[in-house]
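Participant: In case you want the letters, here they are:
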Amino acid sequence: MLLFRLKRTLKLGVKSLWMHRLRSTLTTLGIVFGVCSVIAMLAIGEGASQEAQEAIAKLGSTNLIIETIRPPDEQADSGNVETVRNYGLTYADAESIRNTIASVEVAVPIREIEQEGRYRNRKTAVKVIGTVPWYTEISPVQLLRGRFLSSTDMHYQQDVCVIDENIVRELFTFDEPIGEDVRIQGNYYKVVGVVGVLGKIESNANFGNNDVSMVASKGSATGNVYIPLTTAKTRFSELNYTFSGGSRRAEKVELQKITVKVASIEQVLAMRDILDALLDRIHDKKDYRIVVPLELLRQAAKMRRIFSIVLGSIAAISLLVGGIGIMNIMLASVSERTREIGIRRALGAKRRDIIIQFLTETLLLTFAGGILGIILGSLVPFLVTYFGKMPTVITAGSLILSFGISGIVGVTFGLYPAYRAANMDPIESLRHE
Amino acid sequence: MATVVDIKNLSKIYQLGSVEVAALDDIDLAIEEGEYIAIMGPSGSGKSTLLNLLGCLDRPTSGEYCLGGKDVSKLDDDELSLIRGMHIGFIFQSYNLIGQLNVIENIELPMYYQGFSEHESSAAAKKLATMVGLGDRIKHRPMELSGGQQQRVAIARALANDPVVILADEPTGNLDSSSGADILNILDGLHQKGKTLIVVTHDDNIAAHAQRVIHLLDGKIEKEIYNKA
Ligand SMILES: Nc1ncnc2c1ncn2[C@@H]1O[C@H](COP(=O)(O)OP(=O)(O)OP(=O)(O)O)[C@@H](O)[C@H]1O
Ligand SMILES: [Mg+2]
Numbered sequence: 001m002l003l004f005r006l007k008r009t010l011k012l013g014v015k016s017l018w019m020h021r022l023r024s025t026l027t028t029l030g031i032v033f034g035v036c037s038v039i040a041m042l043a044i045g046e047g048a049s050q051e052a053q054e055a056i057a058k059l060g061s062t063n064l065i066i067e068t069i070r071p072p073d074e075q076a077d078s079g080n081v082e083t084v085r086n087y088g089l090t091y092a093d094a095e096s097i098r099n100t101i102a103s104v105e106v107a108v109p110i111r112e113i114e115q116e117g118r119y120r121n122r123k124t125a126v127k128v129i130g131t132v133p134w135y136t137e138i139s140p141v142q143l144l145r146g147r148f149l150s151s152t153d154m155h156y157q158q159d160v161c162v163i164d165e166n167i168v169r170e171l172f173t174f175d176e177p178i179g180e181d182v183r184i185q186g187n188y189y190k191v192v193g194v195v196g197v198l199g200k201i202e203s204n205a206n207f208g209n210n211d212v213s214m215v216a217s218k219g220s221a222t223g224n225v226y227i228p229l230t231t232a233k234t235r236f237s238e239l240n241y242t243f244s245g246g247s248r249r250a251e252k253v254e255l256q257k258i259t260v261k262v263a264s265i266e267q268v269l270a271m272r273d274i275l276d277a278l279l280d281r282i283h284d285k286k287d288y289r290i291v292v293p294l295e296l297l298r299q300a301a302k303m304r305r306i307f308s309i310v311l312g313s314i315a316a317i318s319l320l321v322g323g324i325g326i327m328n329i330m331l332a333s334v335s336e337r338t339r340e341i342g343i344r345r346a347l348g349a350k351r352r353d354i355i356i357q358f359l360t361e362t363l364l365l366t367f368a369g370g371i372l373g374i375i376l377g378s379l380v381p382f383l384v385t386y387f388g389k390m391p392t393v394i395t396a397g398s399l400i401l402s403f404g405i406s407g408i409v410g411v412t413f414g415l416y417p418a419y420r421a422a423n424m425d426p427i428e429s430l431r432h433e
Numbered sequence: 434m435a436t437v438v439d440i441k442n443l444s445k446i447y448q449l450g451s452v453e454v455a456a457l458d459d460i461d462l463a464i465e466e467g468e469y470i471a472i473m474g475p476s477g478s479g480k481s482t483l484l485n486l487l488g489c490l491d492r493p494t495s496g497e498y499c500l501g502g503k504d505v506s507k508l509d510d511d512e513l514s515l516i517r518g519m520h521i522g523f524i525f526q527s528y529n530l531i532g533q534l535n536v537i538e539n540i541e542l543p544m545y546y547q548g549f550s551e552h553e554s555s556a557a558a559k560k561l562a563t564m565v566g567l568g569d570r571i572k573h574r575p576m577e578l579s580g581g582q583q584q585r586v587a588i589a590r591a592l593a594n595d596p597v598v599i600l601a602d603e604p605t606g607n608l609d610s611s612s613g614a615d616i617l618n619i620l621d622g623l624h625q626k627g628k629t630l631i632v633v634t635h636d637d638n639i640a641a642h643a644q645r646v647i648h649l650l651d652g653k654i655e656k657e658i659y660n661k662a
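The listed protein sequences correspond, in order, to chains D and A.
Mapping of the first sequence onto this note's numbering: position 30 corresponds to residue 30, and the numbering continues sequentially without gaps.
Count along the second sequence from 1, add 433, and you get the number used in this note's numbering.
There may be inaccurate statements among the hints.
[What the hints assert, rightly or not] Taking CB as the label site, the calculated pair distances span:
#: 1; chain 1: A; residue 1: S550; chain 2: D; residue 2: G407; range: 24 to 34 Å
#: 2; chain 1: A; residue 1: S495; chain 2: D; residue 2: L6; range: 39 to 49 Å
#: 3; chain 1: D; residue 1: I314; chain 2: A; residue 2: G450; range: 50 to 60 Å
[As the list claims (entries may be wrong)] The list that follows gives simulated cross-link-like pairs (lysine-lysine, PhoX-like), each with its CA atoms no further than 20 Å apart:
#: 4; chain 1: D; residue 1: K252; chain 2: D; residue 2: K233
#: 5; chain 1: D; residue 1: K7; chain 2: D; residue 2: K350
#: 6; chain 1: A; residue 1: K572; chain 2: D; residue 2: K15
#: 7; chain 1: D; residue 1: K252; chain 2: D; residue 2: K286
#: 8; chain 1: D; residue 1: K285; chain 2: D; residue 2: K252
#: 9; chain 1: D; residue 1: K11; chain 2: A; residue 2: K572
#: 10; chain 1: A; residue 1: K507; chain 2: D; residue 2: K350
#: 11; chain 1: A; residue 1: K441; chain 2: A; residue 2: K507
#: 12; chain 1: D; residue 1: K190; chain 2: D; residue 2: K233
Worth flagging that the hints you see were computed from the coordinates, not collected in a lab.
We put the CB at the ideal spot given by N, CA and C, even for glycine.
Build the full structure now, drawing on both the sequences and the hints.
Facilitator: Shown next as structure tokens:
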């Protein structure tokens with residue numbers, strides 16, 4: 001019986017709103033756009049943050065990455081004198097980290113060289129990564145064929161390499177790469193394994209002050225060629241020439257990175273301090289930095305919180321504006337329908353009935369707006385992903401949230417007009433023109 | 434016959450600034466079940482005020498009003514609403530139908546507020562619409578009806594909850610003479626069925642239909658005239 005009455009109240013509400021279709025539609029738009037923007041913004045925010053988190057997680061949350069950075073110029077180079085600047089991480093650093101810090105699970109020294117790789121008449125820019133067999137412990141490389149670098153390769157400085165799928169595609173296309181030789185700088189390296197590409201980590205996301213450029217394989221390299229670190233040491237010069245302002249500069253860097261892995265997440269931050277203390281003692285210049293993916297993760301989480309608060313405020317304001325619009329229209333509607341209210345009261349409507357009537361109308365408007373907003377708001381992220389190439393994630397939570405909010409807005413801004421209507425004097429209302 | 438309306442020392446005083454206006458001044462009135470009453474009097478004499486009090490739309494400043502044996506002069510807003518919905522039928526000069534509702538829905542309104550199901554009320558409303566000669570217009574909106582037809586819908590609506598009294602404030606005031614005559618015929622018919630009718634009018638011809646004419650002047654009953662049957 002109550003349900004029938006509800007159904008009827010809704011039906012009558014729809015009739016009243018239908019009377020003023022245009023007005024109802026316009027009134028609803030405020031809520032539509034409010035809800036739509038909430039959902040779309042949350043979806044974009046969620047997408048960005050998930051992407052960032054995945055990117056960071058790929059770096060390994062128990063890893064610490066020590067990177068070589070070019071120290072600030074000590075003094076302007078005097079004239080054309082050619083000086084060799086010697087800086088960065090060294091093999092000795094890697095040794096001392098491994099030998100003096102007990103809680104280091106693995107320490108992986110990494111040498112990176114941008115080169116050109118050739119196979120038969122094909123060539124492509126590659127990034128040569130000189131590293132050790134236990135590189136696989138700090139990076140989730142996925143072996144597709146063959147094997148990864150071995151300690152025998154290391155020991156005998158073998159001219160072997162492991163290439164990733166991108167290189168396979170560029171250099172070998174349809175040929176079987178295993179057993180073939182890739183030529184880099186006049187030397188031949190036999191392919192012993194193929195690994196998958198490590199996701200695209202050149203992230204659009206910006207993690208505050210810490211840029212993650214070290215994550216991204218910058219430059220023009222199409223893919224990675226892993227060779228034993230010992231081989232890299234003998235085959236490739238550690239000297240690197242740069243030209244600036246007509247003068248030639250030479251730089252000597254032994255290692256570009258040392259990645260350290262600890263047993264558990266709890267040890268990460270302590271390890272950062274230990275590493276910093278150790279390296280600070282050995283290095284007189286600040287020519288390294290320690291990147292902690294875990295911290296990036298936490299930073300991303302913090303950013304996400306701030307993002308949510310900002311979005312929430314914008315959403316709240318836009319819904320507030322929508323709500324005020326609805327209240328405004330409902331007040332106008334109440335005063336326009338004064339006579340109708342008087343008639344209903346004369347026919348036996350209690351104050352409560354009038355409140356229910358107007359509240360129902362407001363709620364119908366806001367819920368209709370909410371549903372339309374949800375539909376539009378779910379479409380927008382698809383468009384953003386399709387045209388803007390940005391990842392978006394619509395969570396069920398955001399749908400429920402925005403629907404709930406539109407209901408709350410309806411009640412909040414519908415109650416006052418409804419009370420105004422209910423408290424009108426029946427006789428006055430009947431006399432109203 | 435039972436007394437439907439029993440009014441004693443009823444006053445309604447409006448306070449306009451420092452001036453008190455006695456719209457009704459110490460009125461006594463008793464109306465029996467099935468009576469057909471006309472209320473007449475010059476403009477401002479208190480006819481509408483009296484009708485509003487009779488219809489429980491308003492509360493008297495002082496005095497007693499028993500409707501169907503129940504004292505209704507001190508009820509609260511909800512209780513008055515209930516009395517209006519169950520025991521009073523209103524007919525207004527300007528019809529006062531609700532524009533967005535069709536004929537049936539307008540007639541159903543009093544039943545809707547008394548909690549009848551749509552099933553019950555729509556059947557009853559159809560019957561009433563047929564009774565006032567609008568059986569073929571039930572889906573029409575008020576805008577699509579003539580004044581006389583609208584007033585007939587209003588009469589059907591006033592009958593919806595089988596009220597104790599039917600109150601009409603100048604029911605033919607907005608109508609031409611032929612539609613006015615139709616309305617008066619329907620009212621006569623209701624009287625013959627034993628309904629209690631109280632009609633406010635300026636028109637002697639209408640008053641002639643009633644059994645008793647009450648003349649108001651300055652908020653007082655000037656005279657009561659019984660028409661010959
Ligand atoms: N809400 C009010 N506030 C102040 N005075 C009022 C109010 N309603 C009615 N009055 C006064 O009460 C008196 C009676 O008014 P009422 O409307 O009952 O007259 P009436 O007999 O119906 O007149 P008419 O024939 O013009 O409809 C008038 O003097 C009027 O000014
Ligand atoms: Mg009047």
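Participant: Hint by hint, which ones does the structure fall short of?
Facilitator: none
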